[in-house]
Amino acid sequence: MKKPWKDLFKHPIIENPLDQPSEHSRRKFLFKVAVLLNGAVGAVLAVPVLGYLLGPVFKRNDSYNHWVPVGNLDQFPPGETRLGRYRNPEGTPADGQTRTLPCWVRNIDNTRFQVFAINCAHMECPVHWFPQSKLFMCPCHGGVYYQDGAVAAGPPPRGLYQYKYKVAGNQLMIWAGELPTLSTQASIAKPGSKTCLG
Amino acid sequence: MSGIKQKSLKLYQWFDRRLGLVKPITEAAEHPIPKSSASWWYVFGSAAAMIFGLQIVTGILLALIYTPTAQHAWTSLIFINHNIPLGWFIRALHGWGSDFMVAIVIIHMTQVFMFGSYKYPRELTWIVGVFLLLMTLGMAFTGQVLRFDQDAYWGLGIGASIMGRVPWIGGELVHLMLGGPIIGATTFSRFFALHVFVIPGILLALVAVHVWMVLYLGISEWPMPGRLVRRSTYVKEYEAEIHQDGVPFVPDAAWKDVTFSAAIILAIMACAFFFGPIGPSGPPDPTIIQTVPKPDLPFLWVYAVFALAPPALETPLLLITPIVVICAMLGLPLYAGEGEKHWSRRPVAVLMVSVIAVSLSILTSLGQHPPWSPVMDAWSGDAVQPKYLKGRTPLQRQGALVFQQMQCRNCHALGGLGGQRGPDLDMVATRLSESELIRQVLQGGGNMPAYGNALSPPQVTALVSFLETLNGNERPAQNDVHRLMQSESAQSPGHSSDESQ
Ligand code: FES
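These protein sequences, in sequence, are chains A and B. The first sequence maps to residues 0 to 197 in numbering that gives the first Met the number 0. The second sequence maps to residues 0 to 500 in numbering that gives the first Met the number 0.
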């Protein structure tokens with residue numbers, strides 16, 4: 000069989016010169032040293048590269064979160080659930096429209112609130128609140144939650160994620176900044192803070 | 000005349016003396032292949048390469064205008080669609096090219112599998128091909144993110160949620176994928192880097208290796224039933240076949256490759272022209288929650304799996320299945336590197352391909368019209384048709400109103416309109432008795448939420464009396480017949496006591 004590549008790597012002019020055996024072994028050794036040196040430089044270089052790449056990973060969990068306002072209290076009448084908006088506390092103008100995020104605020108009786116993440120606990124799709132049937136429905140795979148965030152139907156493995164909240168003057172503040180997922184949850188109950196009151 | 004000829008020959012020699020590529024390339028192009036392989040079945044690989052070329056060209060064209068930032072990406076796509084002459088067409092070519100590329104790569108792989116071409120000595124060619132498939136899918140997913148519309152935004156959420164399910168390092172993976180705690184500028188930029196630098200680079204390198212191996216090992220011969228691949232004899236047999244019955248790749252087989260590639264590019268152009276660019280859908284504003292996020296065509300089947308998998312199995316299924324499938328594909332040629340090539344002697348292979356093809360198409364078509372999603376605006380959009388209200392009592396009509404207002408419609412169809420999440424209610428009264436209806440409404444169950452908290456007792460009464468009219472003029476549910484009989488027998492106590500004696 001004719002091999003199409005057989006001439007590819009054969010230099011047309013210079014035949015491979017053979018060194019003196021003694022010279023050769025010395026250069027072989029030098030080459031090995033050079034390769035080792037290169038490896039060492041590469042390893043040192045890898046430190047900043049990996050540090051840069053994995054920066055977001057090494058940040059401690061929860062250190063992304065801050066208290067952010069979701070609106071004035073009068074935006075959230077008692078007995079109702081309304082859409083609140085907050086700005087990503089660590090956002091930049093480069094985020095564009097993704098900088099402002101929604102959440103569902105349930106005012107139970109003016110002293111107790113529940114602030115739910117917009118994200119379905121199944122796959123993060125945005126849940127809608129239906130005040131008539133008092134249900135949150137998810138458009139993606141049919142997850143349904145009751146008004147207190149508990150799963151009513153569908154595939155979600157847990158109830159809606161909840162943010163910690165506090166009332167500061169006339170403002171409702173939530174502890175937010177991180178996309179809630181099964182391993183990065185919005186509400187990490189801390190001692191001494193009000194959380195989920197169903 | 001001969002002067003010009005000589006001059007051009009000299010020019011050619013000048014280049015070839017310095018380049019040295021003409022001879023090896025000509026030899027590669029004319030390398031002999033089995034005559035049987037100069038077939039229309041062997042054209043998919045080159046078509047995939049051709050589409051890849053189209054994607055590179057259209058991708059670069061788009062990059063001339065596209066603004067790769069989270070802030071401006073969406074607006075710049077709208078700008079390309081509407082303000083740049085033929086911008087829509089280039090976008091359409093790139094979008095449809097992507098779908099075609101995924102399809103052709105999969106078809107190519109299926110053909111190679113069915114023909115047993117992955118067997119010795121071409122195991123590594125197949126393994127590189129598996130990585131090419133993964134990279135192609137990676138391009139499709141990252142490309143969808145770069146469209147940075149609503150679907151892209153929530154699609155990233157789905158990705159993050161899958162990462163978040165990985166045990167122990169889930170949180171770290173989420174942050175790594177998003178480039179921070181939340182979907183934003185850094186998330187977008189890393190997907191841009193993946194789509195434009197990292198994955199294309201890997202793709203180019205792998206394509207080069209893949210093609211090199213095809214040249215080095217020769218194109219697989221047309222399989223014959225009963226002709227087994229053996230490590231000890233295969234190469235000799237192959238070389239003998241080529242010696243006896245070989246034809247040069249160019250032009251004997253290549254004309255088919257080139258023709259098919261042209262047809263495919265033409266098909267992409269037709270789709271682009273008639274169906275236009277894919278998206279973008281609404282802007283990536285997470286506060287616009289009136290959206291039904293959906294992945295692109297190549298991932299619709301995954302979307303269906305998410306909805307249909309039993310919740311308890313979902314996480315293991317999500318995390319383990321891809322690893323198992325990829326390992327199985329990588330291990331296939333190592334496990335079955337010898338033996339029969341012909342499909343007629345490999346029933347398991349045929350069965351596997353059919354099962355996978357059928358399930359993928361069913362899941363994809365389900366994903367296109369997902370029956371598991373509530374129709375979020377059915378309650379306000381689809382009215383109760385007059386035929387369900389004619390001749391009804393005020394209470395029953397009140398019930399129809401409750402039915403509409405309480406979003407029952409989002410999951411239950413009536414007269415063919417509404418969601419498919421729950422059963423159609425056209426004939427519900429023939430399935431459930433009054434008491435069963437009340438129980439179902441109040442307590443839910445069978446994947447239906449309980450409405451006990453949302454409905455007042457009069458609303459329940461009205462709703463159930465409306466639901467009881469939905470019997471399509473057939474006899475009512477069994478239990479009601481029972482109840483009728485009971486009340487009849489209660490009216491004639493003598494009769495029942497007779498029976499008991
Ligand atoms: S994302 Fe809500 S049900 Fe799947």
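These are computed hints drawn from the structure, not numbers from a lab. You may find that some hints are simply not true.
The calculated SDA-like cross-link candidates involving lysine to any residue, where the alpha carbons are at most 20 angstroms apart (straight line), are [said to hold, decoys possible]: (1) B:Lys235 with B:Gly443; (2) A:Lys58 with B:Met447; (3) A:Lys133 with B:Ser379; (4) A:Lys163 with A:Glu89; (5) A:Lys58 with B:Ser455; (6) B:Lys22 with B:Met212; (7) B:Lys34 with B:Leu214; (8) A:Lys133 with B:Gly445; (9) A:Lys133 with B:Glu339; (10) A:Lys133 with B:Ser455; (11) A:Lys133 with B:Gly380; (12) A:Lys133 with B:Ala377; (13) A:Lys133 with B:Lys235; (14) A:Lys133 with B:Leu454; (15) B:Lys34 with B:Gln289; (16) B:Lys34 with B:Leu175; (17) B:Lys34 with B:Glu171; (18) A:Lys133 with B:Lys6; (19) A:Lys133 with B:Gly421; (20) A:Lys133 with B:Lys34; (21) B:Lys34 with B:Gly380; (22) A:Lys133 with B:Gly390.
For the pair we were handed, Lys235 (chain B) and Gly443 (chain B), check the Cα-Cα distance against 20 angstroms.
Status violated; Cα separation ~71 angstroms.
Would you mind confirming whether the straight-line C-alpha gap from Lys34 (chain B) to Gln289 (chain B) stays at or under 20 angstroms?
violated, 59 angstroms
Lys133 (chain A) and Ala377 (chain B): Cα distance at most 20 angstroms?
It holds: about 16 angstroms lies between the C-alpha atoms, which stays within 20 angstroms.
Run the distance test for Lys34 (chain B) versus Leu175 (chain B): straight-line Cα separation, threshold 20 angstroms.
violated, 51 angstroms
Pair hint outcome, Lys133 (chain A) versus Leu454 (chain B) [Cα-Cα no greater than 20 angstroms]
Given that 20 angstroms is the threshold and the Cα spacing comes to 9 angstroms, the pair holds.
20 angstroms limit on alpha-carbon distance, applied to hinted pair Lys133 (chain A) and Lys34 (chain B):
Violated, at roughly 70 angstroms.
Would the pair Lys163 (chain A) and Glu89 (chain A) pass a check requiring their Cα atoms to be no farther apart than 20 angstroms?
holds, 18 angstroms
Sort out whether Gly380 (chain B) lies within 20 angstroms of Lys133 (chain A), counting only the CA atoms.
Holds - the C-alpha atoms of Gly380 (chain B) and Lys133 (chain A) are around 19 angstroms apart, at most 20 angstroms.
Has the given pair, Lys34 (chain B) with Gly380 (chain B), been kept, meaning a C-alpha gap of at most 20 angstroms?
At roughly 62 angstroms apart (the allowed maximum being 20 angstroms), Gly380 (chain B) and Lys34 (chain B) break the hint.
Given the proposed pairing of Lys58 (chain A) with Ser455 (chain B), does the C-alpha separation stay at or below 20 angstroms?
violated, 50 angstroms
Mind checking the alpha carbons of Lys133 (chain A) and Gly445 (chain B) for me, to see if they're no more than 20 angstroms apart?
OK: Lys133 (chain A) and Gly445 (chain B) at ~19 angstroms, within 20 angstroms.
Keeping to a limit of 20 angstroms between CA atoms, is the pair of Lys34 (chain B) and Glu171 (chain B) held or broken?
violated, 54 angstroms
When held up to the earlier numbered hints, the structure conflicts with 1, 2, 5, 9, 13, 15, 16, 17, 18, 20, 21, 22 and fits the remainder.
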